[in-house]
Amino acid sequence: MAIDSAQMDVLRAFAEELADAAGAAILPHFRADLVVEDKAAQDRGAPFDPVTVADRAAERAMRCLISARYPGHGVVGEEEGSVDGASPWKWVLDPIDGTRAFVTGLPIWGTLIALNDGMKPVIGVIDQPFTRERFIGTPHGAWCNGAPIRTRRCPSLAQARVMLTVPVAGAKVAEQSVFDAVAAQAQIVRFGGDCYAYGLLAHGLVDLVLEAHLDVHDVQALIPVVEGAGGVITTWDGGDPQHGGPVIACGDPELHRQLLPLIARLRRA
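In my numbering, the protein residues as written are 1 to 269.
Treat the hints as calculated values from the structure; they're not laboratory data. Keep in mind that a hint or two might mislead.
Distance windows between CB atoms, simulated [unchecked claim]:
| id | residue 1 | residue 2 | range |
| --- | --- | --- | --- |
| 1 | Gln-185 | Val-35 | 38 to 48 angstroms |
| 2 | Ala-184 | Ile-3 | 37 to 47 angstroms |
| 3 | Ser-87 | His-243 | 17 to 27 angstroms |
In this text, all values refer to a predicted model and were calculated from it rather than measured experimentally. All C-beta atoms in this analysis are idealised placements derived from N, C-alpha and C, irrespective of residue type, glycine included.
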């Protein structure tokens with residue numbers, strides 16, 4: 001759906017209101033005594049999937065604002081599922097991306113907010129209220145706390161600063177071979193980072209982020225931020241990442257072009 005610059009400004013400002021509301025709901029619980037529940041408790045053998053009152057309160061706060069201001073818009077949220085609206089517009093929310101980091105006191109979690117126009121996400125927010133960093137992306141650019149940001153040039157893996165998913169038990173052999181090969185050739189490798197890694201990529205501080213399993217609510221807000229800053233984000237086979245799955249984000253399009261054949265070859269091995 002076409003959107004003019006005036007509409008974009010209004011919707012972007014509202015996305016920031018959502019981030020403010022989420023942050024206000026979350027911060028009283030950060031580094032505080034907190035009950036952590038396991039959403040996967042009824043699924044024997046499933047990995048621990050934490051959720052807290054902060055996750056639920058933040059999503060509820062954002063949903064209330066959306067229903068009041070844009071009742072015709074749909075909502076997809078990690079904690080309360082999907083609701084279709086009368087219009088094709090849909091807000092995609094992850095109140096705390098990186099709940100494991102949140103409960104262990106690491107400030108690399110963030111609130112993810114995307115607005116999808118029915119075809120693709122056109123506004124993305126990665127908000128870290130504890131460090132007071134807010135990354136925003138639209139088709140017109142990307143910003144951190146209002147200042148324009150750009151990815152950096154890095155045309156080879158040997159020069160790259162890389163952030164990878166933390167290795168977990170049960171990872172597929174083909175996936176692990178990709179992580180191992182990238183880690184072996186990169187200049188700097190860090191594990192973890194959650195959504196914060198993509199903000200750093202957009203800021204020109206990280207060159208590559210590689211993750212094997214993202215859900216819709218994990219990825220949609222990342223896309224406008226990475227692309228708005230000049231980067232590329234796709235699935236591992238070069239497809240549209242907005243529906244989740246294995247995702248690769250590169251600050252330099254040339255690095256992305258080089259890595260896709262490597263990933264394909266390793267997955268076939």
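How the hints compare with the structure:
1. Take Gln-185 and Val-35: their Cβ atoms lie about 43 angstroms apart, and the range 38 to 48 angstroms holds.
2. Distance hint check: the CB atoms of Ala-184 and Ile-3 are about 44 angstroms apart, consistent with the given range 37 to 47 angstroms.
3. Ser-87 and His-243 have their C-beta atoms about 20 angstroms apart, which keeps the hinted 17 to 27 angstroms range intact.
Hint compliance for this structure: no hint is broken.
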